[in-house]
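Working from the sequences, and respecting the hints, build out all of it.
2 protein chains.
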Amino acid sequence: MAQILSGKVVAKAIFANIKKEIEEHQLKPKLVIIIIGHDPAAEFYVQNLEKKGSKIGISVQTRKFTADISEADILKEISLLNDDKSIHGIMIQKPLPSHVAESKIVLAIDPAKDMDGFHPVNIGNMILDQAGFIPSTPAAVLEMLRFYNIETAGRKVVILGRSNIVGKPLANLLLRKDQTGNATVTVCHSRTKNLAEITNQADILIAAIGRANYVQPEMIKQNVVVIDVGVNQIVDLEKGQKYVGDVDFEKCSEKCSMITPVPGGVGTVTTAVLLNNVLKSTKKLTVQDNFIDEKWLKK
Amino acid sequence: MAQILSGKVVAKAIFANIKKEIEEHQLKPKLVIIIIGHDPAAEFYVQNLEKKGSKIGISVQTRKFTADISEADILKEISLLNDDKSIHGIMIQKPLPSHVAESKIVLAIDPAKDMDGFHPVNIGNMILDQAGFIPSTPAAVLEMLRFYNIETAGRKVVILGRSNIVGKPLANLLLRKDQTGNATVTVCHSRTKNLAEITNQADILIAAIGRANYVQPEMIKQNVVVIDVGVNQIVDLEKGQKYVGDVDFEKCSEKCSMITPVPGGVGTVTTAVLLNNVLKSTKKLTVQDNFIDEKWLKK
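Residue numbers (numbering that gives the first Met the number 0), protein chains in the order written: chain A, 0 to 298; chain B, 0 to 298.
Heads up, a few of these hints could be off.
It does not matter which identical chain is meant; a pair holds if it fits inside one copy or across any two.
Unchecked claim - Simulated pairs of lysine-lysine, DSS-like, Cα-Cα distance not exceeding 25 Å:
| # | residue 1 | residue 2 |
| --- | --- | --- |
| 1 | K103 | K176 |
| 2 | K282 | K18 |
| 3 | K192 | K176 |
| 4 | K282 | K103 |
| 5 | K279 | K27 |
Source of the hints: derived by calculation from the structure; they are not laboratory data.
See the structure below:
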């Protein structure tokens, strides 16, 4: 039977470390989240961030705008947030209304405050192995690998999915010359031929395609490590709506040496790495900021 | 016997197109190359660029500085070039003296004039599949694939090497949803185990590890397409010094359906794609620049 890799303990460890560092350095981290329009799932997620933040010492502030706000006004708001020295992180909660271009919004955020790590400067720095912010989901996968001491060096990692925010970043991160890198990385996607043949070679399989229970036992080899990034809502006749991953957990787990559950796996860690980005940003901006002297740090 | 994929005809086609576009739009493209210190190979390369440029209508200007120039003075020079509207492309020729940090130089160049495509903004845009400049060597590989109609969609591409300027960019580019993309991409490197087993699965093998004649016939399958990015200087007892690729051309070519030679392959195309970047930059900056009216364009 596979070892179930809980995301909760990983998140807990990260939260504890953030809290410790904030207290130790007497920081006042502040994250501002912009929400446009009304979306229950998004609001629930943000409320959760606020709650988590307040427990560990990060002020999470939400600014809500109605769906009819112009793109120009949003860009102006972002510009003010960029300039406000008391704010260390900015996040624009999706979904955005159709008249607001996501690419423009992403470019408007100061890369130093870009908590989602979606700005080209941060993506570029990630590829070039330089300091910057890494998107939450790939970062959460790395934290899982690190926490559970999963060796990646020289091992065959197969990634299902080539999205800009999960598959591609992960491929690049797993090639880095560090503890969670040095892997031999293959990226598969909708155009891949003989997929099962390739996934069957994986020592570590990372699924990020957004298709419920797509990975079946015949696609994986014995003792594979499975990291399931998918979160798919399905209707279960007995239980009603529920969330499942891209991997058929029930059928596959017997064949795996380790597997992440959905829910309670990678997704659980994303909030922690996002708030960890706020900590990193606060430390960097606080040290860089010459206006802030020791007195401020201690007050 | 394999089809030999000459880079010369690819470069020729690109040069012809640049010349045509420059004449058609009456552009005055200008590339400035900074050379610091004395390096015969670098000077030879730059002279070649000047010559090629003058033939197709691109002014290539070299600014030489002695090796004792300070980092601050180089950064100042770059800043002036960034602001100069008559200059459309900037390139810093390597090697740099040890007291000049390459990462700082790369960041100083305006991404809109960054002909090498090394600025994080350009790397990020490349990953995100947005407009920007792509480093010459991966761009040259794509041009080879395009010119020779080599199908990549759904095919297994194995890349040997994970450098920031060749292996990693190529992996991301070959995953794009376009004519030279949609491949199933595997990246191998020094830490890869059972390398020959993986390379033997490749429909297309791209070698970029910088090791002379490293790829031997037993590492490739019959009818593979081989793109050899390596350029390694070796001493041949009969011919003296000569350049060879990462693939043992003599021994491997019989097994391949197509193979690029070294020299005369991918390397030959890099100058063309670099000057093509200058054309692209000129078109973009000329259109954007509100001070330039139709009269200027026609003079």
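Consistency of the hints with the structure:
{"no.": "1", "hint": "K103 to K176", "in the structure": "between (33 Å within a copy, 22 Å between copies)"}
{"no.": "2", "hint": "K282 to K18", "in the structure": "within (13 Å within a copy, 51 Å between copies)"}
{"no.": "3", "hint": "K192 to K176", "in the structure": "between (30 Å within a copy, 15 Å between copies)"}
{"no.": "4", "hint": "K282 to K103", "in the structure": "between (27 Å within a copy, 22 Å between copies)"}
{"no.": "5", "hint": "K279 to K27", "in the structure": "within (12 Å within a copy, 46 Å between copies)"}
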